[in-house]
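A.B. asks: Protein chains in written order, with the numbering used here: chain A, 1 to 295; chain B, 1001 to 1295.
No lab work stands behind these hints, which were simulated from the structure alone.
Every value quoted in this text rests on a predicted model; they were computed, and no experiment measured them.
Mixed in with the good hints, there may be bad ones.
[As the list claims (entries may be wrong)] If you want the ones that stay clear, here's a sample from chain A, every Cβ over 12 angstroms from chain B, calculated:
no. : residue
1   : Arg58
2   : Ala108
3   : Pro184
4   : Ala293
[To be verified] Stretches of chain B that chain A covers, calculated by requiring three or more beta carbons in the stretch to come under 8 angstroms of a beta carbon on chain A:
no. : segment
5   : 1011 to 1018
6   : 1156 to 1167
7   : 1196 to 1205
8   : 1276 to 1286
For every residue, glycine included, the Cβ atom is placed at its ideal position computed from N, Cα and C.
2 protein chains.
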Amino acid sequence: MIGVDWGTSSFRAYRLTPDGHVIDKTTSPTGILFVEGGRFADVLRRAILPWVNAGERRVLLSGMIGSRQGWIEAPYLPCPAGAADLAAATIAVPFNDAEVRLVPGVTAEDAGVPEVMRGEETQIIGTLRELGPSGVACLPGSHAKWVRVENGRIMGFSTFMTGEAFAAFSGHTILGRMMKVDAPADPAALRQGLARSADAGGLLRHLFGVRTLGLFGRLSEDSAASYLSGLLLGHEVRAALAAHPDMGSILLIGDAKLCALYADAIAFCGGSARIAKADAAPLGLTAIAAAVAWH
Amino acid sequence: MIGVDWGTSSFRAYRLTPDGHVIDKTTSPTGILFVEGGRFADVLRRAILPWVNAGERRVLLSGMIGSRQGWIEAPYLPCPAGAADLAAATIAVPFNDAEVRLVPGVTAEDAGVPEVMRGEETQIIGTLRELGPSGVACLPGSHAKWVRVENGRIMGFSTFMTGEAFAAFSGHTILGRMMKVDAPADPAALRQGLARSADAGGLLRHLFGVRTLGLFGRLSEDSAASYLSGLLLGHEVRAALAAHPDMGSILLIGDAKLCALYADAIAFCGGSARIAKADAAPLGLTAIAAAVAWH
């Protein structure tokens, strides 16, 4: 089969064996934001044509390609959502050369406020062997997700705007003037920020410390970005750990560097974490595809 | 005497009687960021010359004019700081036509992180009659201050980057795409945000709700900015109220519209507040000037 992880800024297509082994792979920067005039079919055809010519007839897509800004909007599937639930909720996409289906995103509800994910559900399914039937996974990123799984199904999750908040505060507030954003990471300053996040006063207050510590020469321009990162990460991790007591070790899924950062932050804040080894998206696409009723 | 409230973006000069009555007043947009080449003396001379010619010989300045980016840097005075402490710590500024002195900013320490204010200390002194000898004042703004006063002296304070966070999130994150920032305030959406701030999960999580509520058609573009404002304000107010139990009614000082917004938010979150009637800066300048040892 063919699996495609099609996000906002990137496109990754895989030719896969039935057990999720990657036979071939092609990636391009044609994320949905960079596809002009809705020419999604052309982008897909160009990428997978050799595999279709070699006999592949089933294509499963996941990610933002199913959003309102994507090819066809696939309504969010409410939790609980396991591989079978997602497979049953895939929707058909018109395409000439193969049967193309789209994995829906997932939604949950928290005190009257909805949560959404698109693409992460597929990565979760792809790492179930490492996560075990029940546990908590965390997918760092500009909108980090913490996901609770029971018996192989996503039961609920929460999103933290940590990465985007870092970009906004470092790039568009007075705090940015106190820091060299591209300075190498300073682990001591990061820990200082993580520690500060445990104090009373809340994030909006702690943020001002980036300015005052700099003003008093107690935080250098080279270290301020790491301190800010520690502050934000600490607020996220402490809130997430509090929401999931007795959760055991958290499985981190995603970019290796970001996962290592989160593993350190989780340990610093009193939790424990491990980093997923699996190539989450292709394994998840394979597992969901195995449960789809293809024509 | 002459009192000048000289901030980052504005300049307000007052001719004052010994009891703080404003005889005359002049304002201009020559805040310190808009004074070129350090020509602070010229700006001051032009504004106050008629009063100097009429016999005024004492000039007291407060605000960011005493910062590193201002005329002369006045080191921060550590708390506790009352009118007499501030008067004793004023510093002389070279000026030909009158004796000019500068009120220092104030600093406090919270768990190893400094706090700073410049200008707000003078407003606090100016509203002591309304505040009473002891109490808590709040000065809303892009960096809001909550200030604890005992026996007429500032004992400690905390700064919340609420206003600047609103600008950063509404202007420079995905949340901005969900809202019309200049839509009229929506009191119901504001209350909805204030209520959400009481839930578990923390600010970084609650922020994502601006996006998902919009995505599901449960928050309109016209109401999203008020909801975001309520979220941020709620996080500030709840943290500040928790830090000051049994504080009584909080005295709000500053812009009338902003003070009314804060008064509602404080009441919503279970506190009580009143809005200062006094023209805080000229009264504070008068009170501090009365304690200065002029030549």
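A.B. asks: Look at each hint and say if it fits the structure.
C.D. replies: Verification of the supplied hints:
1. Arg58: holds, 30 angstroms
2. Ala108: violated, 10 angstroms
3. Pro184: Nearest chain B Cβ is 24 angstroms from Pro184(A), so the label holds.
4. Ala293: Label holds. Min Cβ-Cβ 29 angstroms, cutoff 12 angstroms.
5. 1011 to 1018: violated (count 0)
6. 1156 to 1167: It holds: at least three residues are needed, and the segment 1156 to 1167 of chain B offers 8 whose Cβ sits within less than 8 angstroms of chain A.
7. 1196 to 1205: Holds: 8 residues of the segment 1196 to 1205 of chain B have a Cβ under 8 angstroms from chain A.
8. 1276 to 1286: violated (count 0)
The structure is inconsistent with the numbered hints 2, 5 and 8, although it conforms to all the rest.
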